[in-house]
Structures are given as structure tokens and as C-alpha cells.
Amino acid sequence: MGLEDLEDEEKKLCYDALDKEGYGARTKRRAFLSLEDAELRDAGISRASVRKVLRLAMASAAGLGVGSAAGVGAAAGAGTTRAGDAGAAAGLGVGGAAGAGGPDTSTEYIRRVLLKPYTCGATDVGGGGGGGGLLMSAPAQAAAAAAVRLLGQPLGAKLPVLGWMSQSALASNSELGEYVVTAAAGDGLAAGAHNLCLITTAALNGTLHSQFGGSETMVTVQMALLVDTPLSLAAASLGLEVRLDRNTTDRSGATAQQLRPDFLCWVGNVLLFKGEEKANRSDLETAITELKSKMATSWNPALLPGVSMPCMFAYAAAGDAVQFFAITSGGGAVQATAISDLLNIGTPLGRIKVLHHTLNIVQALAAYAPRAPKISMALGGAVKVLGPDGTVLSSVEMYSDFVRKIVDLSQQRGTVMGYPELANMYRTIGGVRCPNLVRLHSGGSSCAGGGGSSIRLQADGTTLVLHLEPVGLPLHRAPASEADLRQAVRHVLTGVAALHAAGFVHRDIRWQNVIWLPAAASASTACSQQQPSAASSSSSSSSPPAGAGAYVLIDLEHAAPADCALDCRQPPYQLRTWPAADVLLDLDTGRYTRQSDLCLVAAALMANLPFALSDGGRDLRQQLATRHVLSAEAALQHAWLLDDTTAPC
5 MGLEDLEDEE KKLCYDALDK EGYGARTKRR AFLSLEDAEL RDAGISRASV RKVLRLAMAS
65 AAGLGVGSAA GVGAAAGAGT TRAGDAGAAA GLGVGGAAGA GGPDTSTEYI RRVLLKPYTC
125 GATDVGGGGG GGGLLMSAPA QAAAAAAVRL LGQPLGAKLP VLGWMSQSAL ASNSELGEYV
185 VTAAAGDGLA AGAHNLCLIT TAALNGTLHS QFGGSETMVT VQMALLVDTP LSLAAASLGL
245 EVRLDRNTTD RSGATAQQLR PDFLCWVGNV LLFKGEEKAN RSDLETAITE LKSKMATSWN
305 PALLPGVSMP CMFAYAAAGD AVQFFAITSG GGAVQATAIS DLLNIGTPLG RIKVLHHTLN
365 IVQALAAYAP RAPKISMALG GAVKVLGPDG TVLSSVEMYS DFVRKIVDLS QQRGTVMGYP
425 ELANMYRTIG GVRCPNLVRL HSGGSSCAGG GGSSIRLQAD GTTLVLHLEP VGLPLHRAPA
485 SEADLRQAVR HVLTGVAALH AAGFVHRDIR WQNVIWLPAA ASASTACSQQ QPSAASSSSS
545 SSSPPAGAGA YVLIDLEHAA PADCALDCRQ PPYQLRTWPA ADVLLDLDTG RYTRQSDLCL
605 VAAALMANLP FALSDGGRDL RQQLATRHVL SAEAALQHAW LLDDTTAPC
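Take any residue in the sequence shown, note its place counting from 1, add 4, and you have its number in this note's numbering.
Honestly, the hints are just simulated from the structure, not real lab data. Be aware that a few hints might be false.
What the hints assert, rightly or not - DSBU-like, lysine-lysine: derived pairs with alpha carbons at most 30 Å apart:
id	residue 1	residue 2
1	Lys-298	Lys-378
2	Lys-409	Lys-298
3	Lys-378	Lys-409
4	Lys-296	Lys-409
5	Lys-388	Lys-296
6	Lys-378	Lys-388
7	Lys-298	Lys-388
8	Lys-378	Lys-296
9	Lys-409	Lys-388
Stated by the list, open to error - The calculated label-pair distances, taken between Cβ atoms and stated as ranges, are:
id	residue 1	residue 2	range
10	Lys-296	Arg-481	36 to 44 Å
11	Thr-290	Asp-571	56 to 64 Å
12	Gly-336	Gly-156	28 to 36 Å
13	Asp-571	Arg-481	29 to 37 Å
14	Asp-647	Lys-388	36 to 44 Å
15	Ser-219	Phe-615	58 to 66 Å
Note that beta-carbon positions come from the ideal geometry of N, C-alpha and C, so glycine has one too.
Turn these sequences into a full structure, and let the hints guide you.
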């Protein structure tokens with residue numbers, strides 16, 4: 005197998021690699037054509053693995069700006085990484101013989117590199133001692149100081165490189181000897197760490213940077229190879245489950261690009277590492293400023309009150325300049341503290357230091373992981389709803405003060421209203437300002453660069469983009485106690501009453517369409533409310549007081565005008581989640597009415613409970629299900645909902 009078996013793009017990369025070694029054009033082709041498997045075996049690497057690294061680089065470049073949220077991350081091993089997937093995470097493949105000399109030992113070598121305890125003053129941050137969790141959860145000033153010491157610590161062993169591909173780079177700076185060693189000069193474990201060796205060698209040589217420098221896209225490609233790929237391989241080797249993502253310009257416009265970091269890394273759903281990237285070195289200060297303004301906390305603090313916010317690692321990359329930071333938010337003030345020197349990734353030493361710092365950061369992430377809180381939805385992460393054929397029906401991304409929802413209207417079943425009617429409904433209920441009903445986001449940040457509206461239809465004519473508030477925790481089932489159920493039903497009926505007063509019905513009431521706001525988030529939402537209009541004033545007494553938690557009714561894409569005359573007994577207007585039509589719809593006309601919403605409250609929220617419902621609760625459920633309650637306003641006056649003797653926790 006010779007150079008003729010490689011793709012044209014891969015040939016170009018191979019040529020450039022030989023250029024760095026001083027070979028001429030004819031020599032380059034002859035070198036690859038004559039390179040036999042035995043010679044590759046002597047170098048400790050298989051030709052297939054070389055091709056995979058080249059494909060990784062080209063896939064990274066091709067993955068940018070094509071509508072994939074992962075972009076480079078996917079090509080460089082982004083997505084969820086689990087133990088045992090080290091090779092897959094790096095895009096290289098482990099498990100068989102990476103080189104002809106035996107199985108790849110990258111996982112074992114990385115464990116040697118990262119599991120040695122390191123002491124940074126009084127705080128142990130090594131994977132062995134588990135103190136990295138203490139580093140990340142320490143007070144802001146102490147955490148930043150410990151992070152400086154962490155990045156400056158040597159790894160447990162030097163990183164292996166391919167000597168035959170690295171001679172020129174190694175000769176450029178004697179300091180490189182503190183970080184890397186040729187595979188041949190290392191022990192057997194280093195010599196067999198083929199995938200790690202390829203990653204380190206690629207970082208050392210920096211072919212992509214010298215070939216494609218000068219654009220933000222290629223800064224991103226370079227950082228993906230220096231950060232994403234080694235991070236994924238190291239995390240998988242340690243059994244650390246991480247998720248990586250990269251920001252791209254996609255069909256939904258530029259809004260997300262201005263609100264999300266360019267690089268994101270979560271452990272569980274906790275955002276612990278992020279990065280900003282710019283094309284030119286002169287934009288470094290802009291990148292640093294954006295580290296403080298974009299997702300400066302690991303989660304929305306109002307949704308997890310009383311839990312200490314960890315220190316977040318970050319980098320700013322601008323042209324060939326890269327610097328690492330600790331992002332802390334103690335006392336509400338966001339600080340970005342430099343924890344590394346200003347590195348030049350136009351040099352072999354600068355690139356190796358970025359890789360070295362990334363691996364040290366993996367240590368801290370692994371040590372913090374057992375202490376990470378359980379969070380149902382990641383800040384900046386996307387949750388997608390897929391159809392039977394894998395088509396994305398909708399996606400939701402959580403930001404600090406709003407939720408960004410994208411819905412493909414052409415794929416929604418059972419909808420009644422198109423975009424103009426939906427936009428009118430959302431704007432109408434926006435004037436109601438009911439704290440128990442979802443609404444369009446009123447903050448200015450949602451309009452930044454994204455078309456100037458919290459609701460819009462994209463150019464394809466079918467994709468609806470919504471910026472909604474409040475931000476809450478999703479529910480998937482009934483609360484665990486009757487007291488909590490009482491509060492939930494009361495708040496949902498308050499939202500239903502406001503929706504009905506505005507002239508609409510919900511049509512899709514179920515636990516999946518209800519969110520919970522803890523007390524801190526509820527208080528913030530209550531403070532943002534304007535004086536309720538006449539449409540909601542009569543039900544305002546049922547709204548949660550400031551400082552109390554709240555339930556909020558969301559997801560209005562299946563709503564309809566309250567006076568809609570459509571017969572919903574037949575497709576396409578019937579929803580799969582409905583109970584029997586004769587229970588829900590008007591028996592004579594098949595219309596979905598305001599009382600149909602009340603029937604859904606009984607069927608979807610008050611049945612199949614994990615506890616026995618009291619007589620009062622059963623009475624309300626029966627009255628709602630049999631249409632004996634004429635309105636949501638009337639239901640709110642039921643004795644069971646007015647009984648606060650068993651207050652929720």
C-alpha cells in the first residue's frame with residue numbers, strides 16, 4: 005500500500021509533513037511508495053493508523069460549519085466518551101494491533117501519566133488523592149491559585165512521540181525534552197502507546213497550523229487536535245465519562261454562536277471546561293472577555309441552590325496565541341484568572357504545552373467527577389427529540405436565563421396552528437405574564453445577532469425558533485407526595501386559566517410538559533413579572549409567592565384557539581398521548597374545548613400516582629374528568645386545592 009491509496013487531501017498533508025523534514029517532491033513520493041510495512045512496524049505504528057490520523061485531521065476541517073453542533077468535536081472524538089472506548093474517542097481505534105508489534109498500550113500509559121498524585125501546596129489535585137475535586141470547589145482565589153500549580157506540574161511520565169517524524173521539531177527547542185520522549189527511547193509501554201504517540205507527534209509537528217493558518221476555522225481545527233482529541237483519549241482511559249461539543253453556525257442563525265462558547269466539555273451535565281477561539285492574535289482580549297460573558301457558571305445556580313459552584317477551566321485562542329484560565333464566580337462576580345503563560349501554538353513547544361495542560365486538566369475533571377451534582381439538563385447542551393426514522397423533531401438548549409427551542413413544524417403530528425397563529429398566541433400570552441405559563445423571553449440577550457425576535461421562522465419555512473422563559477427543571481412523572489401534587493395541579497390550573505382567558509387551549513397537558521422552578525428561580529421569575537392583566541388577575545391568588553417553588557406549564561406548539569371548530573376525532577388533529585376521544589372531546593362535534601384541557605389534567609396529572617390519593621383529591625379528579633367543573637378558574641376554588649394543611653417540602 006502506497007501513497008496512491010490515500011485520498012488527495014491526505015496526500016497533501018503527507019507531502020507537507022515531509023516538507024517539514026526537508027524532503028523534495030520526488031523524494032516525497034518515493035518515500036511513501038517505498039515505505040514498507042516492516043519499516044512502519046519498526047517505527048511502532050501501522051500504516052492504517054497513520055491514515056486514520058490523517059483522516060481525523062481532514063474530517064475535523066470538514067466538520068466545521070455544516071450544521072452539526074459537534075463540528076470538529078465529532079471528528080476529534082467528541083460526544084460521550086466512556087471507559088473502554090479510548091481508541092474510538094481519539095478516532096483511531098484500539099483493541100486490535102495498532103502497530104504490527106502488538107496491542108496498543110495507550111490506555112495503560114495514560115493511566116501512568118495521569119494517576120500519579122501531585123501536590124500543589126496544601127491541596128492535593130492528583131487523580132490518586134482525589135483532591136482535584138477540592139481544587140475545583142475551593143473558594144475562587146484558592147481554586148485559581150491551585151489551578152496555576154496544577155498546570156505547572158509535570159505529568160507522571162513524558163509523552164511519547166515518533167522519532168522518525170519528530171527530529172526537526174525536537175531540535176527546535178531543548179525544553180521539549182521536559183515534556184516528550186521518543187517512543188524508541190521509552191520503555192515498552194511507551195513504545196506500544198501507538199495512538200497516544202500519533203496524537204503527541206501531530207501536536208509536535210503542527211502540520212495543519214503551518215498549512216492553513218489565518219482563519220478562525222483553522223484555529224478551531226488546531227485546537228481540536230490539541231485539546232479535543234487528547235482529552236477524549238485520556239478521559240476514556242481513566243473511565244471518565246465526558247461530553248464535548250463545539251459551537252457552529254447552523255440553520256438557526258448566529259444567536260447561539262454569540263451565546264455559547266466555541267468549545268464545551270461537560271462531566272455529567274456539569275460544564276467544567278470551555279474555550280473561545282478567534283482568527284487573529286489581536287483578538288485575544290476579546291476571547292478572554294467572552295470567557296467571562298458566555299456561560300460563566302457550570303450550571304444555572306438558581307436551579308441548584310445551596311450547591312457550591314466549581315472552578316471552571318477555560319482557554320482563549322487567538323491566531324497562534326493560547327492562554328488557559330480559571331473561571332470563578334464567587335459572590336456573583338465572574339473572574340477569569342490566567343493559569344498559564346501566553347503560549348504560541350506556532351511553535352512545537354507551545355503546542356506541546358497546550359496538550360500537556362489539557363491532560364493536567366483531565367486529572368482535575370476526573371477527581372471532581374464523583375462529587376459532581378446530578379443535573380437533569382446541561383447548561384449549553386442540546387436535548388433532541390427524534391422521530392421513528394431518526395429525524396430531529398425538536399431540540400432544546402438551556403441558557404442562563406432562557407431556553408432556546410427549535411421545532412420542525414413539518415414533522416409535528418396533531419398541530420392545529422401554523423407559524424403566524426403560533427406567533428400571535430405567544431405574543432398574546434406574553435401580555436398576561438402568568439408565572440405558571442411559559443412565555444417568550446423578554447431579555448435583550450435573546451435577540452443578539454439572531455434576527456431580533458424571540459420567535460421566528462427560518463428561511464426554510466418550516467423551522468420554528470423560540471427563546472422561552474422561565475428556565476426550569478424538566479419533570480417526567482408525578483411528584484412523590486400528595487402535598488407536592490396539590491401544588492403542581494394548582495399551578496398548572498393557574499397556567500391553564502391564563503391560557504384560556506387569552507383565548508387558547510393547550511391540548512397536550514402531561515408531566516413532560518411541566519417544569520419545576522426551585523425557590524430561587526421562582527423568586528427571580530416573580531420579580532420579573534409585570535402587573536398581571538385582567539385576563540389573569542382572577543387567578544393570581546393561586547400563583548406562587550416570591551421565594552416559593554413553582555410549577556410551570558410549557559410546550560404550546562400543539563395549542564389551538566379555544567373556539568376552534570375542528571373535529572379532532574380524526575387525523576391529523578388527534579394526539580397520540582390523548583386518552584379515549586369520547587372522554588376528551590365534545591361528543592357531538594368532536595371539538596377540543598376548554599373543558600377538554602381540564603379532562604387532561606385529571607387523566608394525565610392526577611392518575612397513576614405513586615401514592616393513594618385522598619378523598620378530596622379523588623373528588624377533584626372525578627369532577628374534572630366528568631366535566632362537572634366548568635372552568636379552570638372554578639377548579640381552583642375546589643377545597644382540595646385550597647387545603648394547605650400538608651404543605652409541600
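Now for the hints, and whether the structure bears them out:
Annotation: proposed proximity of Lys-298 to Lys-378 holds, straight-line Cα distance about 22 Å (limit 30 Å). Our distance criterion of 30 Å between C-alpha atoms is met by Lys-409 and Lys-298, whose separation comes to about 19 Å. Of the pairs offered as hints, the one joining Lys-378 and Lys-409 holds, with about 23 Å between alpha carbons and a cut-off of 30 Å not exceeded. Restraint check for Lys-296 and Lys-409: satisfied, since their Cα atoms lie roughly 24 Å apart, inside the 30 Å limit.
A distance of roughly 28 Å separates the Cα atoms of Lys-388 and Lys-296; the hinted pair therefore holds under the 30 Å criterion. A hinted pair counts as satisfied when its Cα atoms are at most 30 Å apart, and Lys-378 with Lys-388 qualifies at roughly 20 Å. Under the criterion of a C-alpha separation no larger than 30 Å, the hint pairing Lys-298 with Lys-388 is consistent with the structure, at around 22 Å. Restraint check: the Cα-Cα separation between Lys-378 and Lys-296 comes to about 24 Å, which is no more than 30 Å; the hinted pair holds.
For the given pair, Lys-409 sits about 10 Å from Lys-388 by alpha-carbon distance, which is consistent with the 30 Å threshold. Between Lys-296 and Arg-481 the C-beta distance comes to about 38 Å, which sits within the given range of 36 to 44 Å. For Thr-290 and Asp-571, the hinted distance range of 56 to 64 Å is satisfied, since their beta carbons lie about 57 Å from each other. For the hinted restraint 28 to 36 Å between Gly-336 and Gly-156, the CB-CB distance of approximately 29 Å keeps it satisfied.
Distance hint check: the CB atoms of Asp-571 and Arg-481 are about 32 Å apart, consistent with the given range 29 to 37 Å. Our hint of 36 to 44 Å for Asp-647 and Lys-388 holds, since their Cβ atoms are close to 41 Å apart. Range check, Ser-219 to Phe-615: about 60 Å between beta-carbon atoms, so the 58 to 66 Å window is met.
Checked against the numbered hints above, the structure violates none of them.
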